[in-house]
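Heads up: take any position in the sequence shown, counting from 1, add 176, and you land on this note's numbering.
I should point out that these hints are in silico values taken from the structure, not numbers from a laboratory.
If you anchor each label on the Cβ, the simulated ranges turn out as follows: (1) L405 <-> E376: 27 to 35 Å; (2) K289 <-> E396: 41 to 49 Å; (3) D286 <-> R421: 39 to 47 Å; (4) A407 <-> D245: 45 to 53 Å; (5) S197 <-> A276: 26 to 34 Å; (6) D350 <-> R317: 18 to 26 Å.
Positions of the beta carbon are idealized from the N, C-alpha and C atoms, including for glycine.
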Amino acid sequence: MTQSTTPSTQSSYPLPDVFSSALTALFDQARPAIVQVRNGQHGGGTGIVWRPDGQIITNNHVVPRDGGDIQVHFTDGRTLPARVIQRQPEFDLALLKVAANDLPFLEAGDSSKLRVGEWVFAIGHPWGQRWTVTAGIMSSRSTRQIDEDVSIPYIKSDVRLAPGNSGGPLLNADGDVVGVNAMIFGGDLSVSIPSNVVSEWLSGLPKAPAILGVGLQRSELPANVQAQLAASREYGQLVVSVVERVAAQQEIFLGDLLLDIDGQPIESAASLRRHLASKAPGDNVSLTLIRGGILTTISASLLPVSSAN
Numbered sequence: 177m178t179q180s181t182t183p184s185t186q187s188s189y190p191l192p193d194v195f196s197s198a199l200t201a202l203f204d205q206a207r208p209a210i211v212q213v214r215n216g217q218h219g220g221g222t223g224i225v226w227r228p229d230g231q232i233i234t235n236n237h238v239v240p241r242d243g244g245d246i247q248v249h250f251t252d253g254r255t256l257p258a259r260v261i262q263r264q265p266e267f268d269l270a271l272l273k274v275a276a277n278d279l280p281f282l283e284a285g286d287s288s289k290l291r292v293g294e295w296v297f298a299i300g301h302p303w304g305q306r307w308t309v310t311a312g313i314m315s316s317r318s319t320r321q322i323d324e325d326v327s328i329p330y331i332k333s334d335v336r337l338a339p340g341n342s343g344g345p346l347l348n349a350d351g352d353v354v355g356v357n358a359m360i361f362g363g364d365l366s367v368s369i370p371s372n373v374v375s376e377w378l379s380g381l382p383k384a385p386a387i388l389g390v391g392l393q394r395s396e397l398p399a400n401v402q403a404q405l406a407a408s409r410e411y412g413q414l415v416v417s418v419v420e421r422v423a424a425q426q427e428i429f430l431g432d433l434l435l436d437i438d439g440q441p442i443e444s445a446a447s448l449r450r451h452l453a454s455k456a457p458g459d460n461v462s463l464t465l466i467r468g469g470i471l472t473t474i475s476a477s478l479l480p481v482s483s484a485n
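The task is simple: from the sequences and hints, build the whole structure.
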C-alpha cells in the first residue's frame, strides 16, 4: 500500500462557518449580562453584571465623580438607577449596584492563562451603538506605573474599541471575562484590565469602605528622625489635613509624620488605601509616627467614607 506524501489539508483551526457559529453563540449567551451605563454628565459606557444580586463592574471614568445620576439599561428593556458602591481610580474600576436579583451574569476567567495570539472578543456600545461585538487576538501584556510603588498589569489586543466600549468585557473563546476594556493605546491596540486584577480588588473590599480621615504629603525625614529608626527610611507621610471627626477624636494631629500602619510602611497615599481596603469603619489600626520629633505608636479608629464629606 502506497502512503501519500501530500500534506494534509486538515487544520486544527476552526473553519470560517464554525467560527461564525461559535461567535454568534458566544454573543447570544453573554449579551444579557452586559449593560449600558449612562450618566447625565458626559455620556457613558458599558458595564458587566458581575453578580446576580445587582453588582456591576465598569470603568471609574464612566461614572460621574460625584456618583450622581447613573442609569443602567438592560437587554430586556429595563432601565434601573444605580449607585456607586466602590471605586478605584488608580485601576480605573468602579463597582455599581442596582436593586435587582437573579440577574444573568458573566463568569470571571483566569486572565493569567490567556495566551498571546488567542482569540478575544469585546461587547459594548461604541458611539452609542448598543450591544456591538468586535473580535481580535491578544497581542501582548504590559504594565503601567501609577505610583512609585504600584504598577498595574494590562492586556493589549487588536480588538477594535471606541468611546462607549469602556467598562465592557474582554471575553475568551469560552465566553468568560478575561478583562475589562479600558482604553485605546496608540490608535490600534486596545487595553484591558485583567480579570484577575478585578477579582482581587473585589475580594479585598470591606462591606463598607473605611478611611483614616487624613490628607497626606510625602515628606523627607530629618536626620535625627532617621537615626531613631531600626530600618533605613528616607521619607514619611506628613499629615497636612484631618477631617472633623479625626480632630475630635484627638488621635492624629496635623504635623504628625506617619511611618507604618499595622507594621507595614506607608510609602504613599495609594499604599495606605490598599491597606485599608481590607478594613471596615470602626476597626482600629496601629500607627507608627513621629510627633514632636519623638517616635511613637498609637491606635487609631477608622471612619466611614461619609465622614470626609
